[in-house]
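Q: Could you put together the complete structure from these sequences and hints?
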Amino acid sequence: MFEAFAVGFGQISFSIVLIIALGVCMGIVFGASPGITVSMGMALCLPITFTMDAITAIAFMAGLYVGGTSGGCITAILLNIPGTPASLATTFDGTPMARNGKAGLALGYSIVASFFGGIVSLVFLMAAAPQLAKITIHFGPTKYFAMTFLSITLIASLVGDSILKGLASGFIGMMLASVGQAPLDMSTRFTLGVKEFAAGFPLLCVLIGVYAISELLKYVEDSHIVNGEVTMKYVFNGFGLKIKDFSGQLWNMIRSTIVGIGIGILPGIGAGTSNIIAYSVAKDSSKYPEKFGTGIKDGILASEAANNAVTGGALIPLLTLGIPGDGATAILLAVLTIYSITPGPLLFETSGDLVNGLFADMLVANVFMLIVMLLGVKVFVKLIQIPKYYLLPGIMVLCIVGAIGQNNRVSDVWAVIIFGTIGFLMCKFGLDLAPMIMGFILGPTMELNFLRGLTYTGDSFLAFFNRPITAVILSIAIIYLVYVSIRNVKKARKHHTTSRS
Amino acid sequence: MFKRYRDIFLGIFLLAVTGLYYSGTFFEKKLALSAYGGEFVPRIYCAFMLCLSVAILVNGIINVRKTKESIDVAKDEQETFFHSRLGGAKVIASMLLLVCVALMMKPLGFCITTVLYLFLQVVLVIPKERFKFWKVALFVVLFTIAIDVLFVKVFFVPLPVGLIGF
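Protein chains in written order, with my numbering: chain G, 1 to 501; chain X, 1 to 166.
Treat the hints as calculated values from the structure; they're not laboratory data. Bear in mind the structure is a predicted one, so any value in this text is a computation, not a measurement. The C-beta atom is built at its ideal place from N, Cα and C for all residues, glycine as well. Warning: the hint list may mix true and false statements.
[As the list claims (entries may be wrong)] Heads up, simulated DSSO-like pairs for lysine-lysine below, C-alpha to C-alpha not over 30 Å straight-line:
1) G:K195 <-> X:K106
2) X:K153 <-> X:K106
3) G:K218 <-> X:K135
4) X:K153 <-> G:K428
5) X:K3 <-> G:K382
6) G:K490 <-> X:K128
7) G:K428 <-> G:K218
8) X:K153 <-> G:K490
9) G:K494 <-> X:K106
10) G:K218 <-> X:K153
11) G:K218 <-> G:K291
12) G:K490 <-> X:K106
13) G:K382 <-> X:K106
14) X:K66 <-> G:K382
15) X:K3 <-> G:K428
16) G:K291 <-> G:K244
17) G:K491 <-> X:K106
18) X:K135 <-> X:K106
19) X:K66 <-> G:K494
20) G:K287 <-> G:K102
21) X:K132 <-> G:K382
22) X:K132 <-> G:K428
23) X:K106 <-> G:K378
24) X:K128 <-> X:K153
25) G:K244 <-> G:K102
26) G:K382 <-> X:K128
27) G:K428 <-> G:K490
28) X:K3 <-> G:K218
29) G:K287 <-> G:K244
30) G:K428 <-> G:K491
31) X:K3 <-> G:K378
32) G:K491 <-> X:K153
[What the hints assert, rightly or not] Stretch by stretch, here's where chain G covers chain X in the computed footprint (C-beta under 8 Å, at least three residues):
33) 2-11
34) 37-49
35) 53-66
36) 92-105
37) 120-129
38) 140-151
A: Structural data, given as structure tokens:
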């Protein structure tokens, strides 16, 4: 592990350090701005990487990822508005602490907890990922099919309230991904005679359209209600952190980090869920649960440690299987694809230096995040006060640039508009976007491995279950689907009974 | 009314999409060497989507019947597709602006298209009391120039120049 780290560090030059710092700063601004998610920010910055080499591009994206995940705590604490869903639970105790005159202390706790979660999850990533890759390298098409099937069912069932809608969203993604060339025989399908569709929809356009355009359209709809400006009421006089403040909190942070890593490994879920679960666990395990929500450090430390721990965890399925752990790692997958690098178990053999470089980049990014946020939080507070009515149209322009920049085709703007409309309509009908994105990304892989698996098993799908590991994974997926369905039905019945009484 | 019958609308819409998608599988050319053509897995998707669409539709009908007597019904009856007429008009206008950008980008070029688009988009979302023509115009022009210089000169990402040459 240390040798790999040394190799990775060997790639980091002064220019790479600057690029990481730039990525972290931009990520913090995106993360701190309510309405702009980490995934959206990373999708918008993708065009900037087109002229970089692979190592630089990955370093930049690593900085954005770490900075974006951490930046949400600023507005969460100062405005009671989480900058990203990953900082929702930070508002529960962060805002009360700020209102009690300890805004600096609350921010300090958040920053230190974010650093702790990020570093510990990175160490776990470096230790676990190569070992997991040695296992997954032996995965055949049946196991790969089972893993992608499990990923899509997990995300469909864990996100949102309705498993039916989650699965429908996933299938919409898979159907959209089937446009273009079939994976096995390369026949073109669903192109409607449009030659630009022959290669399918570009992943970048899908991500920009779904993550950015649909969110911006939602803002436009309510723009006459929402005030475009934010007002910060708190004045800082330093953070006031002392080492003894963290005594008795080490186990809280470790436990929250473990929650974050575990949630990160589960494909498609991400930091938005981890911070809430970690907060709930911290509250349930606390000797003074009644104090949660009044402005105590335990809640802030739990939430922020967990959300940054997702950054390491989410990279594990991406690097070992090619399955993104969350939306941000889906963007990282897009970056790797642009450079013709296929993530998966062979990545450690064919591009081991790149992987080690990524580990080193994440470490540098976490260190920069700590330094930049501790020293520069006042600057970021000023930056996010840019009125939304200027900021969001500007972001729309960046989306257009992103669409054109990849293939130098104006027709890709149409793809962004189409997917933005699809994303907006899906939100209106209560369909979550995350399963759709996962379905889009994993659909072709699932189809290819399914067809190859059928070839290997002599056209028998039931023979998939003759392979023990495949059978276990498929059974877990099916059992979990059934369990979540029953749980949702019981919840709906209970809600109906309660509302009637 | 939209919120109350949302799942019914969704179920019907998904059924229609599934039907169209299924009909699209008959237009593929199957290669003689391939045991499974490109239409095989899409038809499996259609089967699952058919079941899910029917389930969502049935679920929607059941929920409508169950919540007939609920006090939330009156509130749901008032909810429309867009939160307000003004909001809906703004969303449609924004989408039309994006369509115009896609149409005009090649003939007019990035700079002129962006200036026009940005100005109109800001006018759509800015509160009336904050609108000052010179401020908006200044922001629009400076932002467009900054993006053009940044991406073309610094990041070497070519942007359409249009018939006028910039």
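Q: If a hint holds in the structure, say so; if it doesn't, say that too.
A: Hint check:
1. A threshold of 30 Å between alpha carbons decides the hint, and for G:K195 with X:K106 the separation of about 18 Å falls inside it, so the pair holds.
2. Annotation: proposed proximity of X:K153 to X:K106 holds, straight-line Cα distance about 20 Å (limit 30 Å).
3. Of the pairs offered as hints, the one joining G:K218 and X:K135 holds, with about 25 Å between alpha carbons and a cut-off of 30 Å not exceeded.
4. Annotation: proposed proximity of X:K153 to G:K428 is violated, straight-line Cα distance about 40 Å (limit 30 Å).
5. This hinted pair does not check out: X:K3 and G:K382 have alpha carbons roughly 39 Å apart, beyond 30 Å.
6. With a CA separation close to 49 Å, the supplied pair G:K490 and X:K128 exceeds the 30 Å bound.
7. About 9 Å separates the Cα atoms of G:K428 and G:K218, which keeps this hinted pair within 30 Å; it holds.
8. Taking the CA atoms of X:K153 and G:K490, the gap is near 60 Å; set against the 30 Å cutoff, the hint is violated.
9. Restraint check for G:K494 and X:K106: the C-alpha separation of about 57 Å exceeds 30 Å, so the hint is violated.
10. Distance restraint check for G:K218 and X:K153: the Cα-Cα separation of roughly 33 Å exceeds the 30 Å cut-off, and the hinted pair is therefore not satisfied.
11. For the suggested pair G:K218 and G:K291, the alpha carbons sit about 36 Å apart, so the restraint of at most 30 Å is broken.
12. Proximity of G:K490 to X:K106 is assessed by CA-CA distance (about 55 Å); at most 30 Å being required, the pair is judged violated.
13. For the hint linking G:K382 to X:K106, the alpha-carbon distance of about 37 Å lies beyond 30 Å, and the restraint is violated.
14. Annotation: proposed proximity of X:K66 to G:K382 is violated, straight-line Cα distance about 50 Å (limit 30 Å).
15. Taking the CA atoms of X:K3 and G:K428, the gap is near 9 Å; set against the 30 Å cutoff, the hint holds.
16. In summary, the hint linking G:K291 to G:K244 is supported, as the alpha carbons are separated by about 20 Å, within the 30 Å threshold.
17. Distance check on the hinted pair: G:K491 and X:K106 sit about 53 Å apart at the alpha-carbon level, beyond 30 Å; violated.
18. Between X:K135 and X:K106 the alpha-carbon distance is near 28 Å, which keeps this suggested pair within the 30 Å criterion.
19. For a cut-off of 30 Å, the pair hint linking X:K66 to G:K494 stands: about 13 Å separates their Cα positions.
20. With a CA separation close to 23 Å, the supplied pair G:K287 and G:K102 stays within the 30 Å bound.
21. Of the supplied pair hints, the one linking X:K132 and G:K382 holds, its CA atoms being roughly 22 Å apart against a limit of 30 Å.
22. Distance hint between X:K132 and G:K428 is unfulfilled; the C-alpha atoms sit about 33 Å from each other, more than 30 Å.
23. For a cut-off of 30 Å, the pair hint linking X:K106 to G:K378 is broken: about 42 Å separates their Cα positions.
24. Between X:K128 and X:K153, the direct Cα distance comes to roughly 36 Å. Violation of the 30 Å bound is thereby established for this hinted pair.
25. Restraint check for G:K244 and G:K102: the C-alpha separation of about 17 Å stays at or below 30 Å, so the hint holds.
26. For a cut-off of 30 Å, the pair hint linking G:K382 to X:K128 stands: about 24 Å separates their Cα positions.
27. Distance hint between G:K428 and G:K490 is fulfilled; the C-alpha atoms sit about 25 Å from each other, no more than 30 Å.
28. About 16 Å separates the Cα atoms of X:K3 and G:K218, which keeps this hinted pair within 30 Å; it holds.
29. Using a Cα cut-off of 30 Å, the hinted pair G:K287 and G:K244 holds, with the two alpha carbons roughly 19 Å apart.
30. Note on G:K428 and G:K491: the hinted pairing holds, with a Cα-Cα distance of about 23 Å set against a maximum of 30 Å.
31. Under the criterion of a C-alpha separation no larger than 30 Å, the hint pairing X:K3 with G:K378 is inconsistent with the structure, at around 42 Å.
32. Between G:K491 and X:K153 the alpha-carbon distance is near 57 Å, which puts this suggested pair outside the 30 Å criterion.
33. Restraint check on the segment 2-11 of chain X versus chain G: 4 residues with Cβ-Cβ distances below 8 Å, three needed, restraint holds.
34. Counting residues of the segment 37-49 of chain X whose CB lies closer than 8 Å to any CB of chain G gives 9, which reaches the minimum of 3, so the coverage claim holds.
35. Given a C-beta distance limit of less than 8 Å, the hint that chain G covers the segment 53-66 of chain X holds, as 5 residues qualify and 3 suffice.
36. Restraint check on the segment 92-105 of chain X versus chain G: 7 residues with Cβ-Cβ distances below 8 Å, three needed, restraint holds.
37. Under the rule that three or more residues need a Cβ within less than 8 Å of chain G, the assignment of the segment 120-129 of chain X holds, with 6 such residues.
38. Three residues within the 8 Å Cβ limit are the bar, and the segment 140-151 of chain X against chain G gives 4, so the coverage statement holds.
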